[in-house]
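Student: With the sequences and hints as input, model every part of the structure.
Read top to bottom, the protein sequences are chains A and B. Counting in this note's numbering, the first sequence runs from 1 upward without gaps. Counting in this note's numbering, the second sequence runs from 1 upward without gaps.
For the record, the hints were derived by calculation from the structure and aren't laboratory data. Since the structure is predicted, the reported quantities are computational estimates derived from the model, not experimental observations. Incorrect hints may have been included.
In silico lysine-lysine, BS3-like type, Cα no more than 25 angstroms apart, as pairs [said to hold, decoys possible]:
(1) A:K159 - A:K117
(2) A:K137 - B:K251
(3) A:K248 - A:K275
(4) A:K9 - A:K22
(5) A:K56 - B:K307
(6) A:K404 - A:K200
(7) A:K159 - A:K123
(8) A:K446 - A:K200
(9) A:K248 - A:K391
(10) B:K320 - A:K59
(11) A:K120 - A:K56
(12) A:K137 - B:K307
(13) A:K404 - B:K307
(14) A:K59 - A:K22
(15) B:K233 - A:K22
(16) B:K307 - B:K251
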Amino acid sequence: MTVPAIELKGISKAFGPVQANKDISISVAPGTIHGIIGENGAGKSTLMSILYGFYKADKGEIWINGSKTDIPDSQAAIASGIGMVFQHFKLVENFSVLENIVLGAEDGGLLAPSLAKARKELKELEEEYELFVDPDKRIDEIGVGMQQRVEILKALYRKAEILILDEPTGVLTPAEADQLFRILDRLRSEGKTIIVITHKLREIMENTDTVSVMRRGEMTATVKTAETNPQELAELMVGRKVLLQVDKVPAQPGKPVLEIEKLSVTDSAGVERVKGIDLTVRAGEIVGIAGVAGNGQSELLEVLGGMRPGQGSIRLNGEPLPLHGPGSDGQARRAQHIAHVPEDRQREGLIMDFYAWENVAFGYHRDPAYKRGLFMDNAALRADTEAKIEKFDVRPPNGWLTAKSFSGGNQQKIVVAREIERNPDLLLVGQPTRGVDIGAIEFIHKQIVALRDQGKAILLVSVELEEIFSLSDRIAVMFDGHIMGERLPAETDEKELGLLMAGVAGEAA
Amino acid sequence: MEFFVTLIQVLDSTVRLATPLLLACLAGLYSERAGIFDIGLEGKMLMAAFFSAAIAAVTGSVWLGLLAGIGASLVLSALHGLASITFRGNQLISGVAINFLASGMTVLIAQSWFQQGGRTPSLFGGGRFEPINFPFAEALEGVPFIGPIYSELLSGHSILVYVAFLFVPLTWWILFRTRFGLRLRAVGENPAAVDTAGVSVVGLRFAAVAICGILCGIAGAYLATALQAGFVKEMTAGRGFIALAALIFAKWRPWHAMWACLLFGLLQAIALRFQNIDLGGVVIPVQVMDALPYILTVVILAGFVGKAIPPRAGGEPYVKER
Chain A
1 MTVPAIELKG ISKAFGPVQA NKDISISVAP GTIHGIIGEN GAGKSTLMSI LYGFYKADKG
61 EIWINGSKTD IPDSQAAIAS GIGMVFQHFK LVENFSVLEN IVLGAEDGGL LAPSLAKARK
121 ELKELEEEYE LFVDPDKRID EIGVGMQQRV EILKALYRKA EILILDEPTG VLTPAEADQL
181 FRILDRLRSE GKTIIVITHK LREIMENTDT VSVMRRGEMT ATVKTAETNP QELAELMVGR
241 KVLLQVDKVP AQPGKPVLEI EKLSVTDSAG VERVKGIDLT VRAGEIVGIA GVAGNGQSEL
301 LEVLGGMRPG QGSIRLNGEP LPLHGPGSDG QARRAQHIAH VPEDRQREGL IMDFYAWENV
361 AFGYHRDPAY KRGLFMDNAA LRADTEAKIE KFDVRPPNGW LTAKSFSGGN QQKIVVAREI
421 ERNPDLLLVG QPTRGVDIGA IEFIHKQIVA LRDQGKAILL VSVELEEIFS LSDRIAVMFD
481 GHIMGERLPA ETDEKELGLL MAGVAGEAA
Chain B
1 MEFFVTLIQV LDSTVRLATP LLLACLAGLY SERAGIFDIG LEGKMLMAAF FSAAIAAVTG
61 SVWLGLLAGI GASLVLSALH GLASITFRGN QLISGVAINF LASGMTVLIA QSWFQQGGRT
121 PSLFGGGRFE PINFPFAEAL EGVPFIGPIY SELLSGHSIL VYVAFLFVPL TWWILFRTRF
181 GLRLRAVGEN PAAVDTAGVS VVGLRFAAVA ICGILCGIAG AYLATALQAG FVKEMTAGRG
241 FIALAALIFA KWRPWHAMWA CLLFGLLQAI ALRFQNIDLG GVVIPVQVMD ALPYILTVVI
301 LAGFVGKAIP PRAGGEPYVK ER
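Tutor: Here it is as structure tokens:
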């Protein structure tokens with residue numbers, strides 16, 4: 001039995017009322033890739049931040065290569081040979097790649113010799129691990145994939161033997177993600193120990209040697225990857241059986257609710273993003289808009305949601321809706337019974353520094369139910385929030401937490417609860433499960449289908465084809481501001497949709 | 001020829017008037033590059049002006065006065081650091097408090113100490129910084145063009161003027177050629193990057209604020225013991241704020257800061273030199289000329305001079321995200 005590269009014993013950490021880690025123990029063998037999987041908010045990042053000295057544990061011990069090590073700050077972690085690539089990169093954007101790598105690991109008071117040495121070592125590291133970067137480019141000039149390589153090189157430059165990566169593929173394209181795992185494989189073969197935090201089952205199954213599962217701050221299992229399967233891991237993560245497919249009965253489309261004719265949208269830079277599209281959404285059906293991001297889907301949602309003006313005509317239940325001027329803002333749209341779960345919940349759906357119960361009011365804050373004389377009836381609002389939190393299983397169930405202290409999935413549940421519970425005629429949903437964990441995805445999908453079954457119209461925009469396929473009753477594909485065609489999910493496949501998404505014309509162009 | 005003499009005189013006075021602005025501007029540059037906004041430059045200068053004049057008057061030594069000025073300014077810097085770095089308070093409020101504190105305290109202490117209506121006694125002899133004359137300054141005075149430039153414009157300033165202008169290349173070198181400079185710039189852009197690289201954010205920011213205090217101290221001492229001979233109430237007259245405007249105008253870069261301060265100094269020098277300008281019947285009153293630097297400040301701050309992007313983490317106390 002070899003000495004573990006890392007051993008954590010009984011780590012606990014609380015942030016105010018939230019117990020992020022509860023008595024966690026874990027042991028990682030040297031020269032392996034160890035996955036830590038769990039839903040958003042399960043405490044994975046907190047645990048690794050403790051190992052890197054970014055947070056300090058309330059209780060517990062850290063052992064590195066068989067000796068007990070105190071890690072009060074990141075400097076101590078670096079000295080122990082630990083490097084970390086955070087989910088949000090810690091790079092100085094207007095510095096060059098080289099400057100970022102040298103920062104904090106300079107050799108003396110003057111920069112020039114440090115930079116020269118780093119340039120030389122960087123070349124060797126690049127060749128050794130096939131991690132190519134341009135040392136003289138500024139960080140804001142390079143893409144996220146290369147930024148991530150800079151972070152890895154930063155750790156290697158500091159002689160890291162243990163590398164922690166927090167949600168490394170969240171910002172990467174599939175091709176970049178494949179490349180990343182090739183690099184990690186290479187690092188493993190050089191004897192480095194790697195810990196990867198993720199909530200994507202596929203990545204765990206394909207790339208790790210062992211995997212630990214976390215749920216609500218606790219470590220529920222550590223298993224050899226070869227001896228498990230995705231279903232079992234998903235169950236361990238969520239604590240119950242998970243439906244990886246949405247269960248739904250065939251749609252019963254009724255009368256048209258939303259009728260779009262010749263809708264065009266021009267953005268603030270004067271570029272036409274939506275180019276005269278026609279689309280109808282009927283009561284009791286989910287219409288999914290597929291497409292590569294940036295082909296006008298966002299602008300379509302924003303016009304319908306009252307976030308930007310457009311030209312053309314839209315009718316809701318036969319009544320024309322204004323597309324600019326009075327009656328076309330978000331407030332008016334909600335009065336017209338259109339609810340909107342925007343694509344970017346952190347910028348458009350929530351105010352991150354406000355309490356959950358305040359966020360539940362937005363867009364509906366003029367509701368007489370929340371009014372008492374001249375003032376807001378905050379007590380009524382809080383009671384309403386509590387009911388929504390319970391119904392949508394928001395965790396932790398505390399309306400007095402700010403939006404940013406919830407995990408992504410729970411933030412999204414707050415937005416979805418606010419919009420769905422208004423019983424709208426039309427629900428607009430943009431990227432409902434972006435950055436959301438499996439348990440919450442399943443829950444949110446169920447809510448959307450339930451709303452459909454009540455006979456409401458739903459317009460879904462998603463860049464995840466899998467999501468489009470499992471939710472939609474009808475699929476429209478957008479490319480370059482046009483709708484390339486409409487398909488029924490049963491009569492098409494990913495290949496055909498992929499061609500439409502790439503602009504290869506179908507029946508309608 | 002008369003025009004040339006006037007020009008040299010105006011430029012000479014420009015250099016002298018730009019000096020306190022330049023020192024304060026560089027002070028602000030260190031602080032803001034590290035992510036700590038400092039609108040308390042004015043207060044620190046004022047406090048330093050008073051203590052340098054008071055100690056110089058009492059001891060007769062301008063050097064002790066300079067030290068006292070720097071010390072007083074450092075105390076206020078420490079206060080600003082404590083409020084905005086250690087206790088993560090609002091940097092603007094802390095700066096405003098420092099300005100009020102300095103404005104009230106200086107007059108109060110001056111009155112109870114010297115009983116001269118809130119001034120210090122006039123400084124003379126060793127209590128003031130004397131001009132330094134370059135070698136052969138007098139001998140070369142008669143040489144056309146080069147003579148006046150050498151002996152009037154370049155020679156004959158107090159040592160602090162030369163210190164201030166030497167600080168421009170020095171600051172550039174520190175900022176862009178040393179480890180400290182790299183870390184300083186990084187902490188103003190993304191303190192989390194510095195923290196995860198194993199460097200103390202708090203330590204760096206305190207160092208920056210301390211340098212800011214020293215430079216403000218020199219600026220204040222220059223006002224009271226070199227530019228003028230003693231402290232008078234509110235003698236900084238908004239120079240701390242003009243220095244901030246110059247800093248924004250210069251987009252937080254040392255050489256640009258020097259040119260910006262020289263521009264403001266030139267306006268002040270013109271106002272001083274041409275009290276009433278007669279434009280063929282229409283007389284521009286002296287008040288308009290005096291107001292020019294302040295008007296330019298407003299124009300610059302209103303953003304007519306292109307987009308100035310401050311250090312990204314400026315004004316934000318560093319809290320590990322959660």
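Student: So, for every hint listed, does it hold in this structure?
Tutor: Checked hints:
Under the criterion of a C-alpha separation no larger than 25 angstroms, the hint pairing A:K159 with A:K117 is consistent with the structure, at around 14 angstroms. Simply put, A:K137 and B:K251 have alpha-carbon atoms about 22 angstroms apart, close enough for the 25 angstroms limit, and the pair holds. Distance restraint check for A:K248 and A:K275: the Cα-Cα separation of roughly 33 angstroms exceeds the 25 angstroms cut-off, and the hinted pair is therefore not satisfied. Our distance criterion of 25 angstroms between C-alpha atoms is met by A:K9 and A:K22, whose separation comes to about 11 angstroms.
As the CA atoms of A:K56 and B:K307 are separated by approximately 41 angstroms, the hinted pair breaks the 25 angstroms bound. About 22 angstroms separates the Cα atoms of A:K404 and A:K200, which keeps this hinted pair within 25 angstroms; it holds. Annotation: proposed proximity of A:K159 to A:K123 holds, straight-line Cα distance about 15 angstroms (limit 25 angstroms). Under the criterion of a C-alpha separation no larger than 25 angstroms, the hint pairing A:K446 with A:K200 is consistent with the structure, at around 20 angstroms.
A hinted pair counts as satisfied when its Cα atoms are at most 25 angstroms apart, and A:K248 with A:K391 qualifies at roughly 20 angstroms. Straight-line distance between C-alpha atoms of B:K320 and A:K59 comes to about 20 angstroms, which keeps the hinted pair within the 25 angstroms bound. Distance check on the hinted pair: A:K120 and A:K56 sit about 35 angstroms apart at the alpha-carbon level, beyond 25 angstroms; violated. Our distance criterion of 25 angstroms between C-alpha atoms is met by A:K137 and B:K307, whose separation comes to about 23 angstroms.
A C-alpha spacing of about 31 angstroms is found between A:K404 and B:K307, which places the hinted pair above 25 angstroms, so the restraint is violated. Distance hint between A:K59 and A:K22 is fulfilled; the C-alpha atoms sit about 9 angstroms from each other, no more than 25 angstroms. A distance of roughly 62 angstroms separates the Cα atoms of B:K233 and A:K22; the hinted pair therefore is violated under the 25 angstroms criterion. With a C-alpha separation of about 9 angstroms, the suggested pairing of B:K307 with B:K251 holds against the 25 angstroms cut-off.
The structure fails to meet hints 3, 5, 11, 13 and 15 from the earlier list, while all remaining hints are met.
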